[in-house]
Amino acid sequence: MNILKKAVQLKNHSGFRKYFSNTSWLMAERILRMTVALLVGVYVARYLGPERFGLLSYANSFVGLFLALATLGIESIVIRELVKSPESRNELLGSAFGLKILGTLLMWFIILFSVPLTGNDTQTNIFIAIISLAIFFQAFNVIDFNYQAEVKSKYVVQVQFIQLFLTSFTKLFLIFLKAPLLWFVWVYCFDAFLLAIGLVVMYMIKSGNFCQWRWKWEVARSLLRDSWPLILSGVLVSIYVNIDQVMIKHMIDEQAVGLYAIATRLSTAWYFIPIAITSSMFPAILNAKYNNSSIYHQRLQTLYDILVWMAILIAIAILCLSESIIDLLVGHEYAPAASVLSIAIIAGIFTNIGLINNKFFEAENRQIDILYRSLMGVSVNIILNIILIKKYGIYGAALATVAAQFSTSIVYTYLKKDSRILFFMFLKSFDARRIFS
35 MNILKKAVQL KNHSGFRKYF SNTSWLMAER ILRMTVALLV GVYVARYLGP
85 ERFGLLSYAN SFVGLFLALA TLGIESIVIR ELVKSPESRN ELLGSAFGLK
135 ILGTLLMWFI ILFSVPLTGN DTQTNIFIAI ISLAIFFQAF NVIDFNYQAE
185 VKSKYVVQVQ FIQLFLTSFT KLFLIFLKAP LLWFVWVYCF DAFLLAIGLV
235 VMYMIKSGNF CQWRWKWEVA RSLLRDSWPL ILSGVLVSIY VNIDQVMIKH
285 MIDEQAVGLY AIATRLSTAW YFIPIAITSS MFPAILNAKY NNSSIYHQRL
335 QTLYDILVWM AILIAIAILC LSESIIDLLV GHEYAPAASV LSIAIIAGIF
385 TNIGLINNKF FEAENRQIDI LYRSLMGVSV NIILNIILIK KYGIYGAALA
435 TVAAQFSTSI VYTYLKKDSR ILFFMFLKSF DARRIFS
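When we follow my numbering, the leftmost residue of the sequence shown carries the number 35, and every step to the right adds one.
Everything labelled a hint here was simulated from the structure, so no lab data went into it.
Note that beta-carbon positions come from the ideal geometry of N, C-alpha and C, so glycine has one too.
Just so you know, not all the hints are guaranteed correct.
[Stated by the list, open to error] In silico lysine-lysine, DSSO-like type, Cα no more than 30 Å apart, as pairs: (1) Lys-118 with Lys-323; (2) Lys-188 with Lys-240; (3) Lys-118 with Lys-186; (4) Lys-450 with Lys-250; (5) Lys-186 with Lys-240; (6) Lys-425 with Lys-323; (7) Lys-393 with Lys-450; (8) Lys-250 with Lys-240.
[As the list claims (entries may be wrong)] For each label pair, taking beta carbons as the anchor points, the in silico distance ranges come out as: (9) Ile-65 with Leu-355: 15 to 21 Å; (10) Leu-140 with Ser-256: 18 to 24 Å; (11) Pro-214 with Ser-328: 58 to 64 Å; (12) Leu-355 with Phe-147: 41 to 47 Å; (13) Asn-159 with Cys-354: 38 to 44 Å; (14) Met-68 with Thr-336: 21 to 27 Å; (15) Ile-421 with Val-70: 35 to 41 Å; (16) Gly-242 with Cys-354: 47 to 53 Å.
Please take these sequences and the hints and turn them into a complete structure.
If you want it as structure tokens, here you go:
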């Protein structure tokens, strides 16, 4: 009865309906994107085979090492400021856009300096150059920040639907043409360009001319001052997320990268769900923090309850079906990836916890904690990769990922006294009597 009463109360609450609608749009887009990307990605992986797919994944991961320099990790800060000061939208969006352009230029310079040090062949370096060009268009993602702050993500989702359809059709058409690998690399640029154009057109229709955006040094400095720990943390996260495939390529070969890449891609295919939930609820968490601390902590605990159990149930299902999934989707060529998938799926539990922890630190204006936990994760991951890849190959890389996620999401919050509330929220999530009372 209590659950039914709560459901009725939530249904009649205008704020809940607003956030539920926003989350529904985000979830619909993520579900469609996951489904289409999974199916199309399977066809691409089958067509290319482990070696060529591994080379494509390596080039993407190499660029990914430096991606945070372009994105700057300012999303949550910009959204927070837009929620607090919507009248400053043009200055906030213009300054954020300018910072992202400057960050992209810095990223290109560092990649240009780093590529000669890798010992890669010319073809691989060309792939890296093409993928790095696509990063320029991510600066237009500041438009998405605006609609996240207004809880109107449906506008962005509509653009993403069109982008997803056109990009997916292009990949399938390339397979039909039996196109070379180079053409698939160019799809990265095409995909990013489509999204940028779509966002600009949508913004001009719904919100006004983006030419009204204004760069203000004061705003830019303020964003950087608040987000510098997030920027450094983003750099560390970029290294953490991509370093395993780069190390596998240089310590083993491209085929091993292909096997590992398909397993990790499948193990993270469902991450859109917790990301959509946390992104949509972040404004609600911020509002509760400013108005009612009890509701603030209650909403954080609710996120823990939902995301922890979601991850556990998905992990159990994948552990039971990993071999069948690999064989059905990508075929016997990728058979060794099944064991990697079984290991990597466990990391999802700690990834979900980490998402909530980051939102807590951002809401508390403790971005420095995000930096410290990212540094901890990168250190654990690299050290264990060096040890375990040599001994266990791609399976060792998967084990290193799980250990790194556990250290940042559980160990870090327990060791820090002022973050221990997060550790106990995690433990509290396992109290079924409380959840269903």
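Hints, verified against the model:
1. Lys-118 with Lys-323: Distance of about 13 Å is within 30 Å: holds.
2. Lys-188 with Lys-240: Distance of about 12 Å is within 30 Å: holds.
3. Lys-118 with Lys-186: Distance of about 16 Å is within 30 Å: holds.
4. Lys-450 with Lys-250: Cα-Cα ~37 Å, so violated.
5. Lys-186 with Lys-240: Status holds; Cα separation ~11 Å.
6. Lys-425 with Lys-323: Measuring from Cα to Cα gives roughly 48 Å; hence the hint is violated.
7. Lys-393 with Lys-450: Within the cut-off at roughly 17 Å; holds.
8. Lys-250 with Lys-240: holds (24 Å)
9. Ile-65 with Leu-355: 15 to 21 Å: holds (19 Å)
10. Leu-140 with Ser-256: 18 to 24 Å: holds (20 Å)
11. Pro-214 with Ser-328: 58 to 64 Å: holds (60 Å)
12. Leu-355 with Phe-147: 41 to 47 Å: Holds - the Cβ-Cβ distance for Leu-355 and Phe-147, about 44 Å, lies within 41 to 47 Å.
13. Asn-159 with Cys-354: 38 to 44 Å: holds (42 Å)
14. Met-68 with Thr-336: 21 to 27 Å: Distance hint for Met-68, Thr-336 holds at roughly 23 Å.
15. Ile-421 with Val-70: 35 to 41 Å: Since the Cβ atoms of Ile-421 and Val-70 sit about 38 Å apart, the hinted range of 35 to 41 Å holds.
16. Gly-242 with Cys-354: 47 to 53 Å: Hint holds: Cβ distance 52 Å, inside 47 to 53 Å.
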